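Colleague: Start from chain A and add chains B, C and D according to the hints.
Protein chains: 4
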Amino acid sequence: MIKVTVWNEFRHEKKDEEVIAVYPDGIHKCIAGFLENEKGISVKTATLDEPEHGLTGEVLENTDVLIWWGHMCHAEVSDEIAEKVYNRVLRGMGFIALHSAHFAKPFIKLMGTSCSLKWREGDFERLWVISPNHPIAEGIGEYVELENEEMYGERFDIPAPDEQVFISWFKGGEVFRSGCCWNRGLGKVFYFRPGHETNPSYHVPQIQRIITNAVKWAAPNQIIDEILCPNAKPSPEEKRA
Amino acid sequence: MIKVTVWNEFRHEKKDEEVIAVYPDGIHKCIAGFLENEKGISVKTATLDEPEHGLTGEVLENTDVLIWWGHMCHAEVSDEIAEKVYNRVLRGMGFIALHSAHFAKPFIKLMGTSCSLKWREGDFERLWVISPNHPIAEGIGEYVELENEEMYGERFDIPAPDEQVFISWFKGGEVFRSGCCWNRGLGKVFYFRPGHETNPSYHVPQIQRIITNAVKWAAPNQIIDEILCPNAKPSPEEKRA
Amino acid sequence: MIKVTVWNEFRHEKKDEEVIAVYPDGIHKCIAGFLENEKGISVKTATLDEPEHGLTGEVLENTDVLIWWGHMCHAEVSDEIAEKVYNRVLRGMGFIALHSAHFAKPFIKLMGTSCSLKWREGDFERLWVISPNHPIAEGIGEYVELENEEMYGERFDIPAPDEQVFISWFKGGEVFRSGCCWNRGLGKVFYFRPGHETNPSYHVPQIQRIITNAVKWAAPNQIIDEILCPNAKPSPEEKRA
Amino acid sequence: MIKVTVWNEFRHEKKDEEVIAVYPDGIHKCIAGFLENEKGISVKTATLDEPEHGLTGEVLENTDVLIWWGHMCHAEVSDEIAEKVYNRVLRGMGFIALHSAHFAKPFIKLMGTSCSLKWREGDFERLWVISPNHPIAEGIGEYVELENEEMYGERFDIPAPDEQVFISWFKGGEVFRSGCCWNRGLGKVFYFRPGHETNPSYHVPQIQRIITNAVKWAAPNQIIDEILCPNAKPSPEEKRA
Chain A
1 MIKVTVWNEF RHEKKDEEVI AVYPDGIHKC IAGFLENEKG ISVKTATLDE
51 PEHGLTGEVL ENTDVLIWWG HMCHAEVSDE IAEKVYNRVL RGMGFIALHS
101 AHFAKPFIKL MGTSCSLKWR EGDFERLWVI SPNHPIAEGI GEYVELENEE
151 MYGERFDIPA PDEQVFISWF KGGEVFRSGC CWNRGLGKVF YFRPGHETNP
201 SYHVPQIQRI ITNAVKWAAP NQIIDEILCP NAKPSPEEKR A
Chain B
1 MIKVTVWNEF RHEKKDEEVI AVYPDGIHKC IAGFLENEKG ISVKTATLDE
51 PEHGLTGEVL ENTDVLIWWG HMCHAEVSDE IAEKVYNRVL RGMGFIALHS
101 AHFAKPFIKL MGTSCSLKWR EGDFERLWVI SPNHPIAEGI GEYVELENEE
151 MYGERFDIPA PDEQVFISWF KGGEVFRSGC CWNRGLGKVF YFRPGHETNP
201 SYHVPQIQRI ITNAVKWAAP NQIIDEILCP NAKPSPEEKR A
Chain C
1 MIKVTVWNEF RHEKKDEEVI AVYPDGIHKC IAGFLENEKG ISVKTATLDE
51 PEHGLTGEVL ENTDVLIWWG HMCHAEVSDE IAEKVYNRVL RGMGFIALHS
101 AHFAKPFIKL MGTSCSLKWR EGDFERLWVI SPNHPIAEGI GEYVELENEE
151 MYGERFDIPA PDEQVFISWF KGGEVFRSGC CWNRGLGKVF YFRPGHETNP
201 SYHVPQIQRI ITNAVKWAAP NQIIDEILCP NAKPSPEEKR A
Chain D
1 MIKVTVWNEF RHEKKDEEVI AVYPDGIHKC IAGFLENEKG ISVKTATLDE
51 PEHGLTGEVL ENTDVLIWWG HMCHAEVSDE IAEKVYNRVL RGMGFIALHS
101 AHFAKPFIKL MGTSCSLKWR EGDFERLWVI SPNHPIAEGI GEYVELENEE
151 MYGERFDIPA PDEQVFISWF KGGEVFRSGC CWNRGLGKVF YFRPGHETNP
201 SYHVPQIQRI ITNAVKWAAP NQIIDEILCP NAKPSPEEKR A
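Going line by line, the protein sequences match chains A, B, C and D.
To convert, note that position 30 of the first sequence is 30 in the working numbering; the numbers rise steadily by one, no gaps.
To convert, note that position 136 of the second sequence is 136 in the working numbering; the numbers rise steadily by one, no gaps.
To convert, note that position 55 of the third sequence is 55 in the working numbering; the numbers rise steadily by one, no gaps.
To convert, note that position 229 of the fourth sequence is 229 in the working numbering; the numbers rise steadily by one, no gaps.
This is chain A alone, in the form it adopts within the complex (with noise of 0.2 Å):
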């Protein structure tokens, strides 16, 4: 059983209308609620204004898979929690940062770059699959078209990918690497670019495969306890000589 942990900073939901209609119950229980009806995965949500920004020890270290959604609040996540998720991630548990999650705390950690790109709202979006081998993109096809989504383009600030699955198209001109895999310390990284607020995109069948493809693919084999950087003992004199 993968344990996935939705967070959500779940304030557009709270106070813009617009963003009601799409999501009444807030991004995190509706991604919560197609990764429920998956065989072997179970799942919990933890939003920016519970305690402890509902990722408590305990929430974290029940969580296999850590599912990230944030947008204008990045600087309300305490240091603490930030440093905490980063940790657990280098320690093995996977984390899928979706869309304006590229400047989340945890996620810029990760990567030790600024992750700026360009953005318009409102354009066409074809994403390609690049690597119609990896697990991300299985069952997907040669793409995925989202009739309306905000434009992220290049050049998109982070370290090449070690596996490149989408490359975005937007009908205003622009290119983006919108599915992007890496790896940090034991723990699988996923970015995955569509889902903006007011549009629809978590409801698209195509793109809940691929979130559920991901968190499959970057559910961990081990989750250690503690890094460590051990003084270490020569291998036995009969072994080298």
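It should be emphasised that the hints constitute simulated quantities derived from the structure, not laboratory data.
No incorrect hints appear here.
Copies of the same chain look alike in the list, so a pair counts if it fits in one copy or across any two.
List of simulated lysine-lysine pairs, DSSO-like, C-alpha gap at most 30 Å:
(1) Lys216 x Lys39
(2) Lys233 x Lys15
(3) Lys84 x Lys3
(4) Lys3 x Lys39
Values in this document were obtained by computation on a predicted structure and should not be read as measured data.
Modeller: Just chains B, C and D, lined up with the frame of chain A:
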């Protein structure tokens, strides 16, 4: 002095009026022309219909970087010459494959994949710079626009590039990894997408700058005579125990 | 069910007493033996001296993952069969090249390099796990030790691996990238270093675990019938303007 | 002219006789010394105990490549200065982390991992060249041997390097990715393993050559003033429809 040989199939330019209008002396002469203006580069040309396709042992042994343009007649390139080119790349020679050379024998041999793609004549292309600190992108700015080019679209069946310099946007809805670097043996390989025979892309200053940058990047620090697979003695005992 | 074919040159084991003592039924039978014990894997074998080297069209079309061991007789493998294997990898089949298969025709064709290296019989090898979160390293711990193996040393002339799972240490003073992953077309390729014919490495439980893990990792999510290079229509007008 | 600043913790060399014997003027002066002999490079030094650790805004803004040696006192480097260094790397400055700088604040921040490893004082090291065509390996031959060095062993918890230049062999049984390149933002980052304070590695001509090569490789083609995340207008209509 970097010794460059520009190889061209040189068939379109002998019989197709539309191509002759754009490249009256052949694509190779156009490319050789702007490279010759560059300090530190000396240029020769070679074409398919010359003996040994112009790539005699002597020519190859005096080539640091080989630029290759081919389209209709890949199959007419002899396996022996393709093998010689391939072998010299592994020994250190730089290799720049232009446009439809994605299907050239030496390129496919270096890649180990089919190098297939989608295509369509007549589109608008914008090449976005993905790696602005790469030597091949020096002086290019954010992107290059080409008013009229053949479209090449993903999925491009290549090994994941060691470095991704450009990704193209096409008006018709496609993206393409249009500037890709690989190391093969001691040689550096660059694939660069633009250059359909009926479009004047090699007359565009930014494109000329990119090809010139690529020549400098691909220039070898050594070309060896032979690739060995030696039986090796162990390190002396005193260094081990 | 993952359909595995284990291919072996199977010449050493017919005439060399020292090899027969280690692999009385051939290396292929040893490998098939431990794979057969694994749930979800079905195994066949094929050898050089069978008609079409045991790799008829029917056999290949029923193979999800091909394991290859060859040494003395790479040149006796027909170009036609090598080409068929290569082509099926690009269409999705997994390919695991063992030990001296670094010089096997299909492997060299997939790499696009010489695959040369240094070598010496009789050494102590320790394979360090570099990517502990990789599925191929699952359950292996920090390293594997092999008391007696042929040494393979750098520089190994391969393209930079997409994923580096193991790096070996040899008593005599060498290092080697001994577990390397690449994607080629839709196929996954794994090179794994150990397995000299006079050393019992394929009897070692950790080595068996690694090869079993590699089979699962290399199993395709799809194998296509044909690789196309299609002329593509532009996206409909209403999605672009 | 490449403007290099060599930063050193410079504490060992003030109090430890064994270190003073090897680097009487400090490690920074030794490195600055051999770099100053190189045409096209100008060198300054900076140390921990200077105001702002010698890395004032003016110094940083006049540094193209920053070399960093630190060991005992990583925690004494102020977060503010570490952040300024990190930010300037993203804007284009080259960064070379030496030996125990694997734990330096700016390096960890650029990597996004723990950078932990195994260690042991007193071993024989052989650094094998893995990428002989890389500019940093130019003129080095097959390997470098260091009679006495601190051992650093895998697993080294770093992101997969963009380019792997060296892998080390240690007598005691370990391997280590000892020369690693990454791009971060517009900056180039090189980690180079040797250089324990009691061992004379920076006096070794091959090591000096490698560091000199690395300075040239890491020199930026541009350093920008600010990293933006701009709202972007769509491409003009006539380029799209």
